[in-house]
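full-length UniProt numbering numbers the first residue of the sequence shown as 1 and each following residue consecutively.
One or more of the hints may lead you astray.
[Claimed, not checked] Computed list of lysine-lysine pairs in DSS-like fashion (alpha-carbon distance at most 27 Å, straight line):
#, residue 1, residue 2
1, K344, K432
2, K190, K220
3, K169, K190
[What the hints assert, rightly or not] Pairwise CB distance ranges (calculated):
#, residue 1, residue 2, range
4, T133, R471, 16 to 24 Å
5, R310, M370, 41 to 49 Å
6, D229, R317, 32 to 40 Å
7, E276, T470, 21 to 29 Å
8, N454, R313, 29 to 37 Å
9, L442, N239, 49 to 57 Å
10, D194, D229, 30 to 38 Å
11, N101, M370, 48 to 56 Å
12, P363, Q197, 45 to 53 Å
13, N454, H105, 41 to 49 Å
14, N128, K273, 37 to 45 Å
15, N226, Y248, 34 to 42 Å
16, K468, Q204, 28 to 36 Å
Worth flagging that the hints you see were computed from the coordinates, not collected in a lab.
Quick caveat, the model's predicted, so the values are computed rather than measured.
Every residue gets a Cβ at the ideal spot worked out from N, C-alpha and C, and that includes glycine.
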Amino acid sequence: MFQISTLPYPLTEWILFPPSDISSSRNLNDEKNLRELPASRDIRFNLSQHGPLVVSLNSTARLSETQQVLERREQVSRQRKSRKHVNAVDKVIFSSSPVRNMSNHMLRYIASLTPDEALAYAKQEIENAQLVTDDQGLYTPLFRNVSVFKRSYELMELILKVYIYKEGKRPIFHQPYLRGIYSSEGWFMKLMEDSRQFVTRDPQKAHLFYLPYSARQLQKARYVVNSHDLKPLSVFLRNYVNMLASKYPFWNRTRGSDHFLVACHDWGPYTLKDHEELSRNTIKALCNADISEGIFVSGKDVSLPETTIRNPRRPLRNLGGKRVSQRPILAFFAGNMHGPVRPKLLKYWRDKDESIRIYGPLPHRVSKVMSYPEHMKSSKYCLCPMGYEVNSPRIVEAIYYECVPVIIADNFALPFSEVLNWSAFSVVVSEKDIPRLKEILLSIPLRRYQVMQNNVKMLQKHFIWNSKPTRYDLFHMILHSIWVSRLNQLQVSDIS
């Protein structure tokens, strides 16, 4: 456990979960609770090994805590007057201005902080986020707490520095794979390595360390076809991490907890098993975000959206959809019968109802009349059942075609659920409720559906790859989720 400087008054733990994951009766996204302060004061790095990083907050003695904070501020103020130089921790307390309004002096001060001090500063600033009532770049109904997200995002832009290890030969390392259903890992790698804003060449200044390998390229290079043996892949990664740990001090300093990887291939989680710290401690951005297998840890790891890119030069083609009045199909799915859920969907709904179009692979007789994208653009709801694994590129496809996604994958951690309110633009149907699918969808009032469908349109910008990244796009949303996971490693413990 590595202890960093104690601030003159305590930081509240900032950790966001989907509503179904919150066990406390106090909502951490509530605007009122956003400004409450706990009794704790020691800030330490501590990575939970047994599940989400849940911190119980002390809900008692709020008035006395506030009084203590005021008294402490008065004491610090008197100390400031009696000395010429103010230490870094004192400065952290009194800065609550939005990033865009910061003075050059304050910006220079933030740049002078060590990585640990900067993270502590960011955490406190997020806890004191000012209420956002209107922001042209963000559509409030999409977010669980837009004020927290905006402040956190601004601080990420201001502070975050990532060191990318140069070690590793192509094609497994530093060679992004930019097409197909696993392209998310490649696009992130490309844009991360091209970033001048977030990348640092000085590892001493880094808040995060990126392991720049492609799980797809690893599979192509190391997997023996039809062997059903992933051992060569996991041993390769184990040896790579051991090499980094022996060459540099950074891995051993935190046992890998400030390192991250991005893997979209279905096998991504399973190739980590030969290195305990890599599997347990590292922040893992995975398309296969299955919370039931004990590898992906909700609240620590990141659910990576799976995107299908057919033409890397035109990643945004076919974007957009039809008006509600031009969507006669209630629900649509077409795809291979992978896994246990899709055959069940076919069993109950194929050729059973004209308003629900369920296919295996889209038949030629159907596709020559209406293509797969046109089916999605003409449907009110697009079904996104899991295949062999919980993830599906159909979720992002539905968003691209402005079709409300219906997610059927019981153990899937939804992307960006620490900040996005998925109930505002999607429907989650339990696997056991597939026989009730039509009943569930028809129970949603038309007005509610119209709101959800409009929300899907507004959501698109957050799931789009841009050759040159723009604010709040998919690259930045993924990076922000990794940033949040890094901040969540800052634990607050009571003084004994």
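Status of each hint after checking the structure:
For a cut-off of 27 Å, the pair hint linking K344 to K432 stands: about 10 Å separates their Cα positions. A distance of roughly 19 Å separates the Cα atoms of K190 and K220; the hinted pair therefore holds under the 27 Å criterion. Restraint check for K169 and K190: satisfied, since their Cα atoms lie roughly 15 Å apart, inside the 27 Å limit. At about 19 Å, the CB distance of T133 to R471 agrees with the hint of 16 to 24 Å.
A hinted range of 41 to 49 Å is violated for the C-beta pair R310 and M370, which are about 19 Å apart. Range check, D229 to R317: about 38 Å between beta-carbon atoms, so the 32 to 40 Å window is met. Between E276 and T470 the beta carbons are some 39 Å apart, a value that contradicts the proposed interval 21 to 29 Å. Range check, N454 to R313: Cβ separation about 30 Å, and the 29 to 37 Å hint holds.
At roughly 55 Å, the beta carbons of L442 and N239 sit within the given window of 49 to 57 Å. At roughly 35 Å, the beta-carbon separation of D194 and D229 lies within the given 30 to 38 Å, and the hint holds. Hint check: N101 to M370, Cβ distance near 52 Å, so the stated range 48 to 56 Å holds. The beta-carbon spacing between P363 and Q197, approximately 48 Å, falls within the hinted interval of 45 to 53 Å.
Distance hint check: the CB atoms of N454 and H105 are about 44 Å apart, consistent with the given range 41 to 49 Å. Taking 37 to 45 Å as the suggested C-beta distance range, the pair N128 and K273 conforms, at roughly 41 Å. Here the CB-CB span from N226 to Y248 is close to 38 Å, well matched to the stated 34 to 42 Å. Look at K468 against Q204: about 29 Å separates their beta carbons, and that is inside 28 to 36 Å.
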